[in-house]
Each structure stands twice: as structure tokens, then as C-alpha cells.
Amino acid sequence: MPYVGYYQFLIKPDLVSYRHAKLKALDDPSGEEFPPATVSGTLLVHASGAAPAIWSDHKALREAQPVDRMGNVLVYRGTYYLPNIRADALFDRAAMLFEEPNPDFPRIESLLKEGLTLRSNDFSGWMMLGNLHVLRGEREQALAAYRKARDSTPPSPFRTLFEEQVTKVSSQPLDSVKPMRDPGIE
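Going by our numbering, 175 is the number at position 175 of the sequence shown; the sequence numbering is gapless.
Relax, there's no trap hidden among the hints.
No more than 30 Å apart at the CA atoms, straight line, and that leaves these computed lysine-lysine pairs for DSSO-like:
1) K113 x K168
2) K168 x K178
3) K59 x K113
4) K113 x K178
Each pair of labels, with its calculated beta carbon distance range:
5) D182 x A37: 17 to 25 Å
6) T79 x T117: 15 to 23 Å
7) R136 x S40: 37 to 45 Å
8) K178 x R107: 20 to 28 Å
9) T117 x M96: 13 to 21 Å
10) M70 x E140: 49 to 57 Å
11) T117 x P155: 19 to 27 Å
These aren't lab readings, by the way, just hints derived from the structure by calculation. Glycine included, each C-beta is placed from N, C-alpha and C at the ideal position.
With the sequences and hints as input, model every part of the structure.
Given below as C-alpha cells:
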């Protein structure tokens, strides 16, 4: 069964019907499974998914020659290492779990650590890990995570926000420090 890269809505229903395709979404946010870091088989990807990207770059697709093209959809066959697809899903799930009334901190930590292993330059992942440690009252771990978030941020006003958070966590009682909100979505 071919994988659909990114979201199913990128593949038009009439195209799926015309090609009699049975598809499995590579990243289904409603499911319990996470996409694999290495994907084997047929992969249908919107053409923009193979373009260079700062955070969710899929270098393996750029280096491969698609076997077919259907409009904006590129068809790949083979085995591809796509760690950013899995990392995105892990970070998204961790963010969703943070929003629950009683967040499962061990589960969130596990998701974030795996995501950061796959994509160690993700400032948002480091920020969420720093927030987790603040909520747990773990000052040194929070400082380490916020510093990594700061160091992963391109020069911008966002970097200043991480500096301010490091100063607060260093100097104030942790129960008075609020977790950061993702500056990228503000």
C-alpha cells in the first residue's frame, strides 16, 4: 500500500479514484502510530515536499529521482530515510499532550527526547522540553533545554525570548516562572 507523504488532502480524491489507489497516510495525527524514520515502498509526495526546508527537510527525496509525476504529486519507490516526518509527528503529539488537563509528563518527555534525537536543531522541541522541566521543578534540566533552544534559533527576536527565559529560570523561584509559548505561532 503506497504511503502518502504529508497529508492525505494533498492527493485529490478523483485522482485516487482514477488510479484505484489504496493509500496510507504517512503522518496521521489522529492515529496512535507514528510514521517510521525509514520508509520503504511507494511514496506519494506533494512536489513542495522535496524542496529544501529549514526544519522539515527531506534531503533523501531531493537526492532521489521520482519514478512518476501526477500533476503536483511526485511518486518515489524505494527506501528513504525521512527522520523529520517522524520528528514532526512526535513533536506534534507532545504539544497535544501538553494541552490536556493532566498531562502525562513521562510520555511527553519520551516523545520529545526521541524527536530531538532525530532532529537535534529543533528549537521548539527544546523549548517544550524546557517547559516540561520547569513544570517539574527541575531547574538545571530546564536551563540546559532552554539554552539548546536558544542556540538552535537563527539570529532573530526569538533568540532574545530564550535569553530572557534562561535569565528567569536562573534567578527566580521556579514556581513563579511560566512555561514559554512557542514564539513561532504567536
